[in-house]
Structures are given as C-alpha cells and as structure tokens.
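Kindly generate the complete structure, drawing on both the sequences and the hints.
Protein chains: 2
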Amino acid sequence: MKPYVKMNQEELLALQKELEQEFTAVKSRGLSLDMSRGKPSAAQLDISMGMMDVLNSSTDLKCETGVDCRNYGVIDGIPEAKRLLGAMSEVDPEKIIIYGNSSLSIMFDTIARCMSHGVMGHTPWSKLEKVKFLCPVPGYDRHFTMTEFFGIEMINVPMLPTGPDMDMVEKLVGEDPLIKGIWCVPKYSNPQGITYSDETVRRFARLKPAAKDFRIFWDNAYSIHHLYEEDQDFLIEILGECERAGNPDMVYKFTSTSKVSFPGSGIAAVAASEANLEDFRNYMKMQTIGHDKLNQLRHVRFFKDLDGLHAHMKKHADIIRPKFELVIRKLEENLGGLEIGSWTKPKGGYFISFDSMEGCAKAIAARAKEAGVVLTPVGATFPYGRDPKDTNIRIAPTFPTDEELSMATDIFILSVKLASVEKLLAQ
Amino acid sequence: MKPYVKMNQEELLALQKELEQEFTAVKSRGLSLDMSRGKPSAAQLDISMGMMDVLNSSTDLKCETGVDCRNYGVIDGIPEAKRLLGAMSEVDPEKIIIYGNSSLSIMFDTIARCMSHGVMGHTPWSKLEKVKFLCPVPGYDRHFTMTEFFGIEMINVPMLPTGPDMDMVEKLVGEDPLIKGIWCVPKYSNPQGITYSDETVRRFARLKPAAKDFRIFWDNAYSIHHLYEEDQDFLIEILGECERAGNPDMVYKFTSTSKVSFPGSGIAAVAASEANLEDFRNYMKMQTIGHDKLNQLRHVRFFKDLDGLHAHMKKHADIIRPKFELVIRKLEENLGGLEIGSWTKPKGGYFISFDSMEGCAKAIAARAKEAGVVLTPVGATFPYGRDPKDTNIRIAPTFPTDEELSMATDIFILSVKLASVEKLLAQ
Chain A
1453 MKPYVKMNQE ELLALQKELE QEFTAVKSRG LSLDMSRGKP SAAQLDISMG MMDVLNSSTD
1513 LKCETGVDCR NYGVIDGIPE AKRLLGAMSE VDPEKIIIYG NSSLSIMFDT IARCMSHGVM
1573 GHTPWSKLEK VKFLCPVPGY DRHFTMTEFF GIEMINVPML PTGPDMDMVE KLVGEDPLIK
1633 GIWCVPKYSN PQGITYSDET VRRFARLKPA AKDFRIFWDN AYSIHHLYEE DQDFLIEILG
1693 ECERAGNPDM VYKFTSTSKV SFPGSGIAAV AASEANLEDF RNYMKMQTIG HDKLNQLRHV
1753 RFFKDLDGLH AHMKKHADII RPKFELVIRK LEENLGGLEI GSWTKPKGGY FISFDSMEGC
1813 AKAIAARAKE AGVVLTPVGA TFPYGRDPKD TNIRIAPTFP TDEELSMATD IFILSVKLAS
1873 VEKLLAQ
Chain B
1453 MKPYVKMNQE ELLALQKELE QEFTAVKSRG LSLDMSRGKP SAAQLDISMG MMDVLNSSTD
1513 LKCETGVDCR NYGVIDGIPE AKRLLGAMSE VDPEKIIIYG NSSLSIMFDT IARCMSHGVM
1573 GHTPWSKLEK VKFLCPVPGY DRHFTMTEFF GIEMINVPML PTGPDMDMVE KLVGEDPLIK
1633 GIWCVPKYSN PQGITYSDET VRRFARLKPA AKDFRIFWDN AYSIHHLYEE DQDFLIEILG
1693 ECERAGNPDM VYKFTSTSKV SFPGSGIAAV AASEANLEDF RNYMKMQTIG HDKLNQLRHV
1753 RFFKDLDGLH AHMKKHADII RPKFELVIRK LEENLGGLEI GSWTKPKGGY FISFDSMEGC
1813 AKAIAARAKE AGVVLTPVGA TFPYGRDPKD TNIRIAPTFP TDEELSMATD IFILSVKLAS
1873 VEKLLAQ
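Protein chains in written order, with our numbering: chain A, 1453 to 1879; chain B, 1453 to 1879.
None of these hints come from the bench; they were simulated from the model. Watch out, some of these pointers could steer you wrong.
A pair counts as met if it fits within one copy or between any two copies, since identical chains are not told apart.
To be verified - In silico lysine to any residue, SDA-like type, Cα no more than 25 Å apart, as pairs:
1. K1579 <-> F1602
2. K1875 <-> V1478
3. K1584 <-> V1826
4. K1737 <-> E1605
5. K1514 <-> R1489
6. K1458 <-> A1494
7. K1664 <-> F1602
8. K1821 <-> D1854
9. K1584 <-> T1740
10. K1514 <-> D1759
11. K1814 <-> L1580
12. K1875 <-> S1488
13. K1737 <-> P1829
14. K1814 <-> W1795
15. K1766 <-> S1509
16. K1579 <-> A1663
17. K1767 <-> D1512
18. K1737 <-> S1488
19. K1514 <-> V1826
20. K1514 <-> E1855
21. K1514 <-> D1486
22. K1623 <-> I1688
Right under this line is the structure:
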C-alpha cells in the first residue's frame, strides 16, 4: 500500500469509508481491553509464587548477623538484602540503603527532602525562588507528576537514540544554577526502550553543574529486564563513572524488584555516595523505625543471588517477549510503509513507544477508547501532560493475554489509520 | 526504712557507703541489659508465627473484590484490611486509609505534607513565619524529634492523671493561630500509661482553635494493648466525638499492628474525615502506586476480625503482664516510703514512667549504665531532649527476659538510691 501522504483526496475518502466500516464492526463487539499500564500479567506473577513458601512458621527468621527480622531494628536493610540489590545495581552493598516496597516512594521522599531540608547542607529548595528539573521526553509520567506536585518547573529535553540530548543537558546544567535535577530512566527507558550510550553516560558523569546541589535522578527501573538474553543492552554503571570523573556525589540511583517479584510487595533501594546516603539516613531515621525486614529476607531466600535474579528474569522474558513481538509484527505488517507512524523495538523494559503524524495522538486514543481499548493518556509521557506535537503514545503490552493483546493491537492500528486519514483530509 | 529526706548527714553517709559496696559488686558482674526501647520480646513474636503460614503458593491471593493482591493497584487498602483496622480504630472502614508498615511514617508524611502543601487548601506551614505544636510531657520521643526536624517550635503541656492539662490546651489553641497541632497518645500513653478521661476527650473535640488548620495528631498506638482484660481502660472515640461537636475535620487518628503482629512487618492506617482523607490521598497517589497488599491480606487472613485481634492481644498480655508486675512490685518493695521517686502503674501499653527527685534522672541513668543497664536516654521524653526538672525516666519492661528484667530492675533501684543519696548529700 502506498504512503497515505501520497494519496489524493478521492483515495483518502475511499479509504476512510472502508476504515469506518471496519471500525463500526469492531465497535459493535463491545470490547474492554487495556494497554495502558506497565503491569506484569498473571502468568508473570505466577512464576514468583515460590516466594510465598520460603518463609513459614518453622523458618529461622534471623538475618545473617543474627538479628531477629521479626522485630524492630536495622533501619537501612539487612546485609544480605543490600548484597542482593547491590548486585542488581552493580554497586557495593555499603553504597545501598534498602527501603520499603517502592522505588517511586524513595524518589518522592528524596524530592520532598531536598525541598524541606536541602542537599548535603545546601539551601532547602523550598527556600529558593524557583527550582527547575530537566525532563527527557518522552518519559515516565509519574516522575513528571511528582515534580509538578512540588512546584518544580520542568524543562523538556529531547530523547535521541543515544539517550537525552547531551549538548542541551550540558549547556542548561552548566549555565543555570536553578536547575537542580534531571530524571533519567537510563536502560530500556520508559516509554521508548532506549538504553543510554556509553558516551551519554560518560557525559552525564562529567557534567559541570552551575548548582552544587544538582543531582541526577537515575531511575534504573529495568536494569535486568531484558527481552533477549543473548542480545541485551549494556549500560555503564553511573556511580563508578561519576567517581572516576570526580563527581562522586552527583547521582542518586534507584532500583526495585517491583517487576521482578510482586509489584507492591517487592523491595526497593537507593545507591549513592556515602555523603549522599547520610542525607537519606538522616531523613529516614525520623520517618521510620525500619522497613519490612521479613520481606527483605523473603526476597533473599527466594532469589539467593544475582544468578537467581537473572534466571528469574529469563522466565519473565519468555512470557513477555512474544507480546512485544506480536505488537511489533502487527505494526510492521499493517503500518509499514504508510508513513503515518513510527515505533520503537526495545530489547527490554515494559513499553513500546509509538509516534503518530503530528497532531494525531489524541485522536488515535479517542478512537481506540471508542472501540474499547484503553491507552496511556496521551500527553502523560510529557511534563504537565502536554505533548507539544501530539504524537507520542505509550504502548504497554505485558498485562493483557496474548489474545486480548492481539485484538487491542488491531484496534490500535485501525485507530491510527483512521485518525491519520482524517488529519490528511482536514489539511 | 525511713524517707531519705528525713535522714541526717551521718545516716546518709552510712547508707551511701553501703550502697556503693553493693554497686561495686553488681558492676563487677559485667552485665549488659536493656530497658530502653518498647520492643516486644521473642516470646511475643512467637505467638504471631502462624502468620507466616496463612499465605503460601497455593493460596488464593485475591482480595474480596477480586483484585489480585500480587499486582499493582488499590492505592488506599483492600476492603477487608480497612474493615479490620477500622474495627481496631473504632471507625467505619470508609474513614480508613491503609498504609505500609509503620504509623510513624504516616505521621511523618503528614507533617511533611502540611509543611509543603498545607492542610485542606490552607497556606503550607513552610510558608509561615513560624509553626508551633503542643507537646504533652512526658511523651513519645519520636514525635518530638520529627517535629523538631521540621523546625516546628514545641511547647510543653503537662500531663495530668486525666491526660494533658486541658485548661492550658484550650487557652493556647484558642489564642495562638501559629499553633497548628498537638501530639496525643490518648490510651496507655507513652511513657506514663495514662488514658485520657472522658472529659479530656470531650474538651479536645470541642476545642475552638485560632488556626483553621489546627489538627490533633491522635496516635492511638496502644488501643487494644491491655494488660488486664477484665480491668481495661476505655477511651471515647475521637472522630465521632469531633463530629458531634461540629469539628469533624480537626483530628488525624493513627494506628498500626506493629505491636500486634511483627514490628516492622505490620500494617498501619490513618482514620480521618473524608475531607482530610482527600489530602492524604492527593499526597499518597504521587508518592506510591500502592502499599503491600499481600501483607494486608496476610494480616486479615490471620486475625480475621476484631475478636481475633483481641484474642491475640490477650496472649501478648499474658507474656508482658508479669514483667510489668515484677518491676512495679520491686519498685514498691524497695523504694516504697523512701520518698525518692514515684512511678505509674499502667493497665496497658508498653511503659512504666518513673519520676525521681528533681535533678536526679541523669545521674540515675549514668549509674545504671555504669552497671550495665541501658535506659531510654533521660530527656528523650521531652521536646528537644530537655527534661526541665531532670526527673523522668521511661522504663520499658517488655523486651528483656524475666531474669534479665529482674536483674535490670534491681540495678535501676540501686541507681535511684545512690543518685538520691548523693543529691541529698550535695545539698
């Protein structure tokens, strides 16, 4: 089929009619499908069920230092959990603090702490006239909503195939002392699945920020979430790179097992320099007597070590890889050559990023919704929910069953075609 | 034996010599005992071990609305957990939000939220010149340290046998719009074990605060933690009382299962009016995708209902009651009539509060430490760690074994005697 842009008015009208008929038929099926959130499927959760058995009433519930994990104490994590999440984060256990069930909460608390108490003795951000963050776009909606919640001004930085546009990052961070942070999902990024190139990571580590309390918020959410074991992306470890570059305190690195074990019942961690960890601990010791050590123990006894984590992630990959491939195959077969959209082919993570023709994304999502498919709200992948070109749609293929996903993708494709034809006809 | 104050110089010197000999003998034993923190003992933790078995790999892990508790979702708690902690808090489930493992964290986040975002649309506290809190004393050290952490000025309010001095509370709260909160542990208070009288609760509910965003922080930490089932204290339910008094939004009520199931691995909740809960939810939905629903399910399946909780607390009481009685019996037998100290005889909770002669508490703790007994740092039960009269010592009898507790109490008593004699000799 020829590209839509090459079609004349008559051809477009004929196509529109045909697509509308197809759409009416689909709509009449009254489907209810969801491609909106990066949630594991039930089948993925099933592979972690063994975790429910590792601790029982006859288990020794002491950690390796002899502390009874059932009682208060050990505020920053039992040693074996620090080792496990340290291995997952590629840093030494002593650079790790274990938190509760969510790395998102650690990030939120970190922003809250920087606002109320400042970074390593610097002026609390809430006392400054203005605070700004750089936001590589498209990016993770929850990063942006929490940043907005604290009244921090967000500046879009385009994502390139190598990661954020580092020319722009270097210029802005180097010039503006009000820029205090940047959000990064450096591996299998949300939503594009991009892994930052070696050069990008090295340039991050060598930033010369105008603000002494500038921090990179390195949300390594998908560090071991490969789709292809034999063809995985590699990411330079940022803490070590920052140290080598003479910027040991410039980064906070976050991780969690939310999409490894059970979302909501996992364990999360931050890795940072000792000076930064001191900031975290000072806040933490006011906020809690300690996190759930039994759940830390449960994770360590189940996964044992990094090999155990990798073996487990391979099972996840075996379940979700066909879903990614199904969506991408359908997109290629049905949209290839039409020049009405492009999409990423990630090697890991939880999302496929779709870019429509300019000004079509909202219309596509509205069409999909009409036919019973929920997509991530258009705009959510940008600060303030505003996609300036109205093109980006995040596709989350993991949660639906294969059958649901297949139907949802067909409807998505139909919606893309329809919205594109309408756009071209309106021009 | 006659009261120390009635002894002459010669008698005191003879007594001192005798006590010093005793002390030297005790010290030479090189003991290491801890009466400092309100931690359950291993025997208490053992009674909850069944909780480790209620969920296993063949358990249905859906909550009653059919939601898979293994996955993301249900931000404010599964219905059955709201019902269980609602019953424990004596409020309807819809007035409850379930959090993670710690009510202390809810309180901390609440203060942080009031500082950064304000209360129900009012000016964020961080934007005000000054914020003040009333602190009934003696009280819970962690309340005070977190309040200080946020730069809030603390004003001491004396505790009476009926609860805080309400004349003072009414006057201050009614006059000063900078007073935004008061800390209350209304039942079996920390450290005195006092339960607020009906009149006190009614006067709380009828406060006429100068500040529209004044809130009572009602930390009902020991609501079902009785020592004597047949002789328990009763506390008027504050949310209902505030509603009846036309002040439905004036209180935040906190609870947790930390000293019911496992400290650090329990579940916690806040109860408040719908308008207040909206504030909590607006913050919460930025901070997390949801708390640990599997642990919520674990608690509900283990305790089932309020009767189950009460039956369980009875087992706790059977273990800790003899410890309280041992300490109190030893205090009575050895310090009774000496007029060098007084102590509370709580019917629940986790502490006994001891008041020495003025200016002796630090010396007592120093002596105890010298002989191998760690007490709660003197002053910790007051804001800024400053006990103006240097009299209050919090005794935590639950954690040590009966044998350890017996030895520790003997050493404590000896330390009280020695410090008192020294004080009298120095006058």
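So, going through the hints one by one against the coordinates:
1. K1579 <-> F1602: For K1579 and F1602, both the intra-copy (12 Å) and inter-copy (13 Å) Cα distances are at most 25 Å.
2. K1875 <-> V1478: within (21 Å within a copy, 90 Å between copies)
3. K1584 <-> V1826: neither (32 Å within a copy, 48 Å between copies)
4. K1737 <-> E1605: Close across copies (20 Å), not inside one copy (30 Å); limit 25 Å.
5. K1514 <-> R1489: between (37 Å within a copy, 20 Å between copies)
6. K1458 <-> A1494: neither (44 Å within a copy, 77 Å between copies)
7. K1664 <-> F1602: Classified as both; 20 Å inside a copy, 23 Å across copies.
8. K1821 <-> D1854: within (19 Å within a copy, 66 Å between copies)
9. K1584 <-> T1740: between (29 Å within a copy, 22 Å between copies)
10. K1514 <-> D1759: within (23 Å within a copy, 30 Å between copies)
11. K1814 <-> L1580: neither (37 Å within a copy, 42 Å between copies)
12. K1875 <-> S1488: within (24 Å within a copy, 72 Å between copies)
13. K1737 <-> P1829: Between. Shortest inter-copy distance 17 Å satisfies the 25 Å Cα cut-off; intra-copy 38 Å does not.
14. K1814 <-> W1795: within (16 Å within a copy, 70 Å between copies)
15. K1766 <-> S1509: between (31 Å within a copy, 20 Å between copies)
16. K1579 <-> A1663: Both: 15 Å inside a chain and 24 Å across chains, each within 25 Å.
17. K1767 <-> D1512: between (29 Å within a copy, 22 Å between copies)
18. K1737 <-> S1488: Between. Shortest inter-copy distance 17 Å satisfies the 25 Å Cα cut-off; intra-copy 37 Å does not.
19. K1514 <-> V1826: Intra 46 Å, inter 23 Å, cutoff 25 Å: inter-copy only.
20. K1514 <-> E1855: Close across copies (23 Å), not inside one copy (45 Å); limit 25 Å.
21. K1514 <-> D1486: between (42 Å within a copy, 20 Å between copies)
22. K1623 <-> I1688: within (22 Å within a copy, 62 Å between copies)
Hints 3, 6 and 11 from the list above are not met by this structure, while the remaining hints are.
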